[in-house]
Each structure stands twice: as C-alpha cells, then as structure tokens.
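So the protein sequences, as listed, match chains A and B.
Using the numbering used here, the letters of the first sequence map in sequence onto residues 542 to 842.
Using the numbering used here, the letters of the second sequence map in sequence onto residues 16 to 427.
Simulated from the structure, these hints should not be mistaken for lab results.
Taking lysine to any residue and the SDA-like style, the derived pairs with C-alpha atoms no more than 20 Å apart in a straight line are: (1) A/Lys677 to B/Pro152; (2) A/Lys701 to B/Gln86; (3) A/Lys677 to B/Phe163; (4) B/Lys122 to A/Asp826; (5) A/Lys823 to B/Lys122; (6) A/Lys677 to B/Trp153; (7) A/Lys823 to B/Arg206; (8) A/Lys701 to B/Met389; (9) A/Lys701 to B/Asn154; (10) A/Lys696 to B/Ala80.
Per the computed footprint, the stretches of chain B lying under chain A, defined by three or more beta-carbons under 8 Å from a beta-carbon of chain A, are: (11) 70-77; (12) 165-173.
By construction, the Cβ of each residue, glycine as well, lies at the ideal position given by its N, Cα and C atoms.
What follows is each chain in one-letter form.
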Amino acid sequence: MKLNRRTFFKVAGTAGAAALAPARTASAATSAEVLDAGRRGVLVDTTKCIGCRACEAACSETNRLSGPAMPDDAAVFGSLRKTDTTSFTVVNRVTPATPERFVKQQCMHCLEPACASACLARALDKTPMGPVVYHKDRCLGCRYCMVACPFDVPKYEYDKALPYVTKCTFCADRQAKGESPACTSVCPTGALTFGNRNELLDIARERLYAKGSPYVRHIYGENEVGGTSWMYITDIPIEKLGLPTDVGSYAYSSLTQASLAAVPFVLTLWPPLLMGIYSFSKRRDAVAAHGSDTQEEADHV
Amino acid sequence: MSSPTTAPTVPDATARNWASDKLFLGMSFWEYAKSLATPGNFLAGLIMAIGLPLLAYRFIFGLGAATNLSQTNPWGIWIGFDLLSGVALAAGGYTLATSVYIFGLEKYHAVVRPAVLTGFLGYLFAVLGLAADLGRPWNLPVPIVYSFGGPSVMFEIAWCVVLYLTVLFMEFLPPIFEWLGWPKARLWAVRMTIGLTVFGVMLSTLHQSSLGALFLMAPTKLHPLWYSPFIPAYFFISSIAAGLSMVIVESALSHRAFQHRADHHTDVDGIALGLARGASIVLFAYFFVKLQGIADGGRWALLSTPYGYWFLVEMLGFILLPSMLFAYGARHSHVRLVRWTAAWTVLGIVVNRLNVSVIAMNWNVPDRYIPSFMEVWISITLVTLGVSTFRWIVNRMPVLKAHPEYPESSSH
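If we strip away everything but chain B, and leave its shape as in the complex, we get:
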C-alpha cells in the first residue's frame, strides 16, 4: 500500500507543488488518495489492519500470550523466518554491488539499485521482526554502546547488522538525492560507492556466516544432519545463491508490476540468464560442501530415518535440483524456467533456515514448537510492510530506471 508517510498541510503553492511532485506522483493530495483504492492496496491494508494490533497485543501482554514459544523452544519463526531467512534473501545487495562495482560486470548494472533497495528493506524488516521477538528490544543499544559480549557470535552479528544497515542506506543515497534534486550531495554519495561496496562485502561475509555459527552452540539440540562445524560456510554460500535468486525473482516481478517506472531497454531476460549461471554454480558448490559435512561427520546412517528423508528433500529437491534447472535454463535460454527455479530456490533457503532454527532443533525432545496464528500473521504483516515500502520508493525514486539527468547511473 503506497500510503504517504504524512498528510502534510500545504501552506503555499510551492510546497503544494513539491508534495505533489515528490510524494503524490504528480497528483493533488485528494487525487492521490483516490488512486490508492486498488485491490492490492486493499489486501495490504487488510493484512496490516489485523497485523499491527496483533503487534501491539504482543507488546502489551508479552511473548507468552502472542507466541507458542516455550522454555524448551525459545526461538520460533520470528527468528527462523523473519530474521534468518530475511537476512539471507537480502544478500542480493552485496552480491550484485560486488559483481558490478568490483568485478566490473556492467551487464548487471541495471539491477544493482533494486537489489540494494531489496537488501536494505530486507534487513530493516528483519530487524523489526527481531524487535518483536526480543523481550526487551529497547535494550538493543546496550551491546553497541557499553556492555560488550566480546566472545559472543551474537555480538558480532549485532555489530555487523547495525553497520551493514547503515552501509545499505548509504549505498541507496544516490537515488534518494536524485529524487530530491540535490546534485552535489549525490556526487558525494556516488564517490563512496567502492568503499561502501568493499565494506559491505566484509560485513556480509562476517554476519551471513555468523548467523549459522549461532547454532554451533547447540550441538546436543540441533539434529546431527544439520549440525556441522561447517555451518557458517553453509550459511554464507547459500546466502549468495539466495541473493542471486531473489534478484531474478524481484526483477521479473518489478519490471512487470512497475512498467511505467521501468527502463524498457533493460535486458531483464539476459540478466536473469546470467545470474542463473552464477546461482547454478553456487548451489552446486553448496551441495558438495553440505555433502562433505555428512561424510566428515559420518552421518550416512541417519539418512534412512524420517529426519534423514526430510534432509534429502532439502539436499536433492531444494539444492541439487535447482542447481541443475538453473544450468539447463541458462544454457537453453529458458527464462521462464530460470524464474520459477529462482522462486523455488528462495523457498529452499527459507526451508533450510527453518530446518536449522526450528524444525531440526530440539528434534529429540517431546515438546515440539508450532507457530501460533499471531506469529504467522505478524510475519506476513512485516513482509507486506516491506513490499509496500518497496513499492512506495520505486514509484518515486529512480530505482528501475536511471534518472533522466543522470543516465549513467544504470549504464556503467
């Protein structure tokens, strides 16, 4: 739902023009308000109209009232889906920025901005999901400001996520300044690109892998097929596949949904095929590193148990299969296949993160966790908020198409 952040009072004509131009897509406030009455916005509004009060309910009555978390299962889908999956799927930002700005793969320049925006919003709403999950979210600054848990993996993640959220925001400053019409500020922001990209890769390497390293502390609780000393490597490698797949999915959807805002010269199909080639290789490597973990730990016998079957579904169905399909689709220029495979891979990453954090966690105790209705609805609400914010920005700022005054920003 593309609602403006405020309904400003407009004292004079200049301000009215500015608001109309920047916020209301060139319409007057009332025209704009009427234009919001679409089925999509209605659905988004409905989800939020229920979800936001549920969020308030969670903070007033506590986690016990809103969630199915327990003493045995302290982490649920707000960690497994909102945080772990959200951060993995937001990896397109660093993946694409590195490909274009560091490796010089100009072909993908047109999708860097949407990838960075998806990354920023992915992290932002992952952090908001985390704030819902934390018992005392207002203490979030404690480990940043004065009480440092140095030996904690979680401490490293907190620092990296705070810094990387800032980096992503700064990486997205050029389109914001182009939108505001501030050329000097824009130039200053553009000059930071390489430095920010390098810093972003450093931070992403650290926290994407460390989100996996969190589970190293639970050797007796996580099922041995998923527990491995290599789990940080699994998380990092799969985040690259997640980022690439997410960019394929997101660019296909945006260029369909925002036709009037998109650049029709952008070779969306060619980009998808190129990214598919990369994703295929990364998934193949991921498959073999996971296989090595099984061999290394001597876990073969566990494959013929119910958890083993589910593990094989993940390994063969969500890793090896999409790797093959990406390769086939890229070789035969089968764009539709590539896009469906990308969507399947995105689902596979979510399955993996839920396996590690929820499904294969505490597999050996009777007290099992199934998310409550409120947990699910609040997660859906956060996704809806993320998509709505993405729409609001894409409809206003030069994301899918270069600003007419700065044509080079998406061509080289």
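If we strip away everything but chain A, and leave its shape as in the complex, we get:
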C-alpha cells in the first residue's frame, strides 16, 4: 500500500508546523556585538587594592542591600566570603601577608555569558555596552543560570516566597546616565579602573610588560570563558586569586552549539525517514496478506 496523499499532507503539515518553531541561532545572539569597540569594562589591579571595602559599601548603598556586614577587618578577612543575595560584591584577603593581596569579587559580565545563553526567557540578557542585566518580570526561577555560571555568581532568594535571582548589575542604570559603576567611583587607590574594555587591555599590557614589572603576565578575563568585562592583573600566582582557573578560554554558549544545531536536522530528517519506514511496513503487511504473486512483485520493487 502506498503512502496516500492524505497521509502525506498530514505528516508534511506536522513537519512544517515544527519547522516554524522560533528560529534559533546556535551561538549567542550577542556574538556580533562582542567585537563592538564601545564595550565597557573594569580593570582590577590587585597590587593597588588595600582592602578598604569602600566598594562594598558603595554597592550596598546603590543597590539598597542590607549586607554585607561591616565588622572589623580582622573578622572579615579571616575567611573567604562569597557574594550573596544581600551583597553583590565582596573583597577577600587572598594572601596572609607580604604581599597582602585583596581580590574583589562580583559578576564578571562575560562577553558571551553562560547565564544568558542558559536562560530560556531572556531574563538574564547581555546588553551591548557590557552589563549582563536581569529582567525580573521574565524570570521563572528555574535556576539554570546558577548551574551554568562558572563563577557561581547568580544567587537565589531561597528565603522568600516570591524569589528572584540576584547579582551585580554593573550599575547598568548608572552607566546609562553616563556615570561609572558605584564601586569604581569610590575606589581611593585606583585599583578599579572603569572604561573602554579595549583601552583597559592596553593599560593592563603596559603595566604587565613595563621594565621591571612585578606583574604576572596574564590578564585574567581577557580570554577566560571567551572574555569578561571585569579583568584582573596581579603580582601573585593567578591560582591564588580565588577565581576559577579551570574555566577554559571558550564561550560557554559553544558547549551546547552542536546540540542546538541538531534541531533542524531532527525536524527535517525524521518525518521522511519515519514515513518511509511506515510505508515499507504497510507494504510488507499487504504483501503478507495477499500471497506469493504480490510477494514476487515486492521483491522487484
């Protein structure tokens, strides 16, 4: 029995409807903008940070956060703190003494953020100028961003009945008004430099390769996870910064690229394949029911 017209149209219609599902690009939608020279960033020079935590205070004030607690330095620097729902940035002391080095942590605002390519509702979204922003009205609370982020930045309001994801905003609204992020605007020592990302890379290279430079010749964030807006230079081994060094230098969106690229193939190849098998099995049954004449005919087909 042949695949009749009616069945064919039914299946073709099904396949067509599936193919009309919203088109997806395998790479993040922002990849063209990555090259945008207008992108902002921050250079963190850990040799200049004195651990005053003015940036923490400014962050909490701007974002109206209750944390972090501000006890004396000895208590704060006794352990390595993490950001949480009430403190979007923390400064940790990563070496005990000589040299005493502090590292500020916050969202890295990746150029191709894992969180944004993980988010099914574009609640986390990369803006062309740099900040990875959170549209809380779109968020389902699936917490896939937390699984995907290699820096463990997004934090969830588990204690609330109507919870949101929280993280550093790179002061996107301040930036939109032409101001610099709150933390960078209060840094008294020049440890935080806010500016054009490409120019920051030039500044970093100048410091790294100056004669007698004490710096380790690596700009953390230049290539990590495909590049980040926040970048670090230091004179202690990179592994001691408390930032993950096993994250690779590829954008995380590339990890699921092959999987997503397979979608159109499944949508277009499965229907004809399955319908072929279907018509074959139909014919096999018909031949089995009608005896040897048709059997011979079937063998020639």
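Please arrange chain B on chain A, whose structure you already have, making use of the hints.
Below, chain B without anything else, positioned relative to chain A:
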C-alpha cells in the same frame, strides 16, 4: 486512590445513570464511596494528606524553608528525580507508538494505550514537580508567549515538553472518546495517529537528548566521568531502554492489579520477552557509547577513585548486567527474570539521572546536598498522584482491553 474529581449533584435520572456509568463504575455514589475504602486507597490518602499540605507550605514559605537547596546546589531531587527520571521513564509512549504504528510491530499493539497513558501521566506529573521547583511557576508561559531564549537548551526543552504533553493527550483521545461514547470524534482522533506518532518521535528525540545537553553548560561542576560531549546521546539512548523497561514493569503490574479490566487474550509474557530483546540491545549500545565517552575523554585513571567505583557500579551493575540478563531471559523465555531485570533497569535510570544532576554534580566542593524530608515526601506524593490517576483512568476507559464496539483498537 480512585476518587472522583467532583461529587456531582444529580438532578435527574439520566444524569444519575451517566455519572454512575462513567464515574462510579456502575454503582451509586454512596456505593462507590464505600468501595473506595481499601488498604491501598488508605495508604495513598495518607501520603497525600501529608504531602499536599507540605506542597502548600513550600509555596507559602518558599524553597528555602521546604528544601535543602543552596546557592551551591540549586538543583535537587525535584529536578533529578521528578523531572529527569520522570521524563525518561515516560519514554514508553513514543517508543511503543513508533514500534506499532510506524514499524508495524502488531504484536505490541495491546500495550500501546497503557504506554501512552503512562507517558502522558509521567510528563504531567514531571511538569507538576517542576512547578514545585520553579521559584515563579506562574511565569511558565513567558518563554512560550513573548520572551524567547533562543540559544538556550532549556528553551528547546520547554517548547518540546509543552508540545509533547499536548501530543500525548491527543494520542490518548481515542480511548477517552470511546469511554464517552462519541464515535465521530473518535474516528477523527484515530485518523491523527500516524501524524501524532511522527511528531511525538521528533519532539522526544529533541527533548530527551536536550535534558542531557543541559549539563553541557557545567563542565567545571559535573564530575568528568559523567560529563561528556556525548551526554545528549546518553540521555536519548537510555530513554529508549527506560521506556521499554517501564512498559514491561507496568504491563505486568496492571494485568495483575486490574484483572477485571484487562484483556486475558493479551500475550503479556510474549510482549515482555520481545521488549526485553529490544531493551537488551539498546542497553548494550548505551554501555558502549558510555565507554567510548571515557576513552574519548581519557578518563580511565579516574575509575580507581571513589567516584570511579560508583561510576563502575552504574556502568556494570545498572547497564551491562541488565543488558545480559534481558538477553538471557529473552532467549530462555524466563519471564520472571525479564520483569525483575526491567524493574532493575528502571532503578538504574533513576540512579543515572540522579548521578548527573545531584550526586556527581558539585563533587569538588564541600557543600553537599542531601534532600530534605519535605522534598522526598512531596516527590512520593506526586508519584502517588500519578499512580492514582492511572488507576482512575484504567478503571473507566478502554486502556488494557479494547472497547467492545471497537475491537480493532488493540488488535491491529
């Protein structure tokens, strides 16, 4: 617990007869209510009497109060068990529909309807489990209606699951219409069978594999023995073994539990042996694809670590062993062995999904996750609800036996 959805007021005799016939198994309401007092229903009622208030507690006081989830471990057993395992074990729907309607393997026709019903309820309660896990489940329509996260694997899954849940429901329309006595609607629903089956295979291929692809985004967090670029293939292939095993288990249990509702001419043993043959081959392929992942990633040395031993338990105990036992049981027509092996495989799939999402996840950080009592109880409640709904439907609709007016619906 086969409780009716509503206790309708019955204004006249016709309505009373209809309710009695369709809802109360031919009894009056009071007779039916009395017939519900069985030990099984009591147990189910007890589980739900505790579980449903716990669910309310979770929504009133938040995830932090009800679960042991943390900033380090944002996903627990509601993802690993309810969603990932639930969806894998519901794969019998597309597996059996394809075998019968596309490949023309008529031998298995009698188990398609229970498989599709198991699939539908599996997805339905997986989605309900997900709704408990989501912080803002009322935003579920957002990625479907107006804010599309195109490059997200989760976006693809959301679309596929929504569509496939609809497909499974439509695939189950013929028995519903037979039950309601609507022959024209039934004919219309039956005509969609092939199209729905093909669409169901497409959607299942995509989301079963994509549930694995979710974890591709966590290369530094998932233990390297479980992390592999092939993880979407692992999830897809194992879902076929899960679906086949689940059908073996479910058909054995239903034909025992619903003797009065089942067709005694159905060759349950023969079907189990045939499915076992398929499951054996699929598990064998699954074993070798997983092995290739280890070879490809150069992970051999990790096998002699504690996580390596646990990985070997999964590989040898839950994949290779059942593959061998299925083959032996099918060859020697050892139905009991096949059924126990199927149950073991179902357990193995749950172990695998929990390994990927919970046990081998964040293996390298001190903050470990162990589910709270409430997480476990709510999961059990959802399973109980699923089983109860299955019972309610099987007791009323032609699932295990063809409707007398449509005998062909389970024979060809």
